[in-house]
Structure formats: C-alpha cells, structure tokens
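Trainee: Working from the sequences, and respecting the hints, build out all of it.
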Amino acid sequence: MALKRKRLGLVLGALAVAAVLGGFGLYWFQPWKLWTDTNVDEALPGVSGTPTAAASASPGVQRGLRVLAEGTLISHEHATKGTVKIIELPDGSRILRLEGLDTSDGPDLRVWLTDAPVKPGSDGWHVFDDGKHLSLGKLKGNKGNQNYPIPADTRLADYTSMTIWCDRFDVSFGAAALGRS
Numbered sequence: 665m666a667l668k669r670k671r672l673g674l675v676l677g678a679l680a681v682a683a684v685l686g687g688f689g690l691y692w693f694q695p696w697k698l699w700t701d702t703n704v705d706e707a708l709p710g711v712s713g714t715p716t717a718a719a720s721a722s723p724g725v726q727r728g729l730r731v732l733a734e735g736t737l738i739s740h741e742h743a744t745k746g747t748v749k750i751i752e753l754p755d756g757s758r759i760l761r762l763e764g765l766d767t768s769d770g771p772d773l774r775v776w777l778t779d780a781p782v783k784p785g786s787d788g789w790h791v792f793d794d795g796k797h798l799s800l801g802k803l804k805g806n807k808g809n810q811n812y813p814i815p816a817d818t819r820l821a822d823y824t825s826m827t828i829w830c831d832r833f834d835v836s837f838g839a840a841a842l843g844r845s
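So that you can map any letter, position 27 of the sequence shown is 691 in my numbering, and since no number is skipped, the others follow by simple counting.
What the hints contain is simulated information worked out from the structure, not anything from laboratory work. This structure is a prediction, so every number in the text was calculated from the model and none was measured. Certain hints may be false.
[To be verified] Here are the simulated DSS-like cross-link-like pairs (lysine-lysine), alpha carbons at most 25 Å apart as the crow flies: (1) 807 / 783; (2) 745 / 807; (3) 745 / 804; (4) 802 / 783; (5) 796 / 745; (6) 802 / 745; (7) 783 / 796; (8) 783 / 745.
Mentor: This is the structure we're talking about:
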C-alpha cells in the first residue's frame with residue numbers, strides 16, 4: 665500500500681512538473697504566432713488619401729517629404745520582404761517607414777536601427793546586437809505599411825542598417841542595408 669502511494673505521488677509530481685514546463689514553453693516560444701498575422705496599413709504622415717495610395721506614391725518635394733535613406737529587406741531567421749525608407753517630414757522630424765512588409769509573427773519583435781553590416785543567410789542572424797543599435801519600438805504588425813518615429817537627437821550617420829529583431833531569442837528575422845539618398 666505504501667509503495668502504491670509513493671508511486672502515485674511520483675507520478676503526480678512528474679505530471680505537475682511537466683505541466684509547469686509545458687506552460688513555460690508555450691509562453692516562451694509562443695508557437696501559435698507561426699499561424700497568426702497582424703496587418704498594419706498606416707499612411708505616410710501628412711499625406712492625404714488612402715494608405716495604399718500614399719505608400720505607392722514616391723515621396724517628393726511636392727508633398728514636402730524627403731527620402732534620406734532606403735533599402736530592401738532580406739530574410740534571416742524567417743522569410744522577410746519589403747522596403748525600408750527613412751523619411752524627413754515637412755516639420756523636420758524623421759520616421760522609419762516599412763512598406764510592403766511581409767514576415768512571420770513572433771515573440772518580442774522590435775524595429776532597430778543599427779551600425780552592423782547586413783549579411784545574407786545565417787551569418788547575419790546574430791550581428792545586430794554586437795554594436796550600436798537603437799530600438800524604435802515594438803513591431804506593430806508582421807504585414808503591411810508602418811511608420812516608426814526616429815528620436816530628434818538621433819545621428820542617422822551612425823546607423824547603416826535596420827533589422828526586425830526578436831529580442832527574446834536575440835535573432836534577426838530580416839534586415840536591410842540603408843543606402844543614403
């Protein structure tokens with residue numbers, strides 16, 4: 665009888681540990697995000713019309729917007745595509761704009777400006793937190809067009825690339841080298 669109780673206690677203890685570890689694993693990895701999408705379609709600030717029409721328009725003098733840098737996203741840990749632009753608005757403020765973004769959803773994704781070189785393949789997955797980086801905030805959605813304000817005191821010359829960075833796993837989902845206009 666005592667042996668049966670001891671076995672039952674061990675089994676219940678093992679099940680409790682498995683439940684705690686399973687719950688922690690679900691929280692940490694958030695596997696459901698592999699099947700979810702968040703679409704964001706923000707207009708360019710100060711541009712009237714639909715967000716899609718505004719995104720397809722090339723910012724120019726007639727609109728009072730100026731493209732300071734731009735690049736094309738490449739895939740790292742997850743398939744990622746779209747374009748990145750740093751745009752100066754008529755009031756002198758600047759934004760980082762993601763256009764046509766298409767990547768995977770994931771836990772704790774951030775938009776970073778960095779001084780790291782953009783390397784293709786797995787060589788580029790972990791380089792962005794090695795040097796200087798500036799977080800512009802959480803990724804608003806894994807698809808669409810999005811704007812991220814750049815702090816006024818930011819020296820853009822210090823940053824040569826941007827990444828969609830998974831802060832939880834220290835890995836880049838995708839990145840773009842920023843060519844100056």
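Trainee: Next, verify each hint and record whether it holds.
Mentor: Outcome of the hint check:
no. : hint      : in the structure
1   : 807 / 783 : holds (23 Å)
2   : 745 / 807 : holds (10 Å)
3   : 745 / 804 : holds (16 Å)
4   : 802 / 783 : holds (23 Å)
5   : 796 / 745 : holds (24 Å)
6   : 802 / 745 : holds (18 Å)
7   : 783 / 796 : holds (16 Å)
8   : 783 / 745 : holds (15 Å)
Going through the hint list in order, the structure satisfies each hint without exception.
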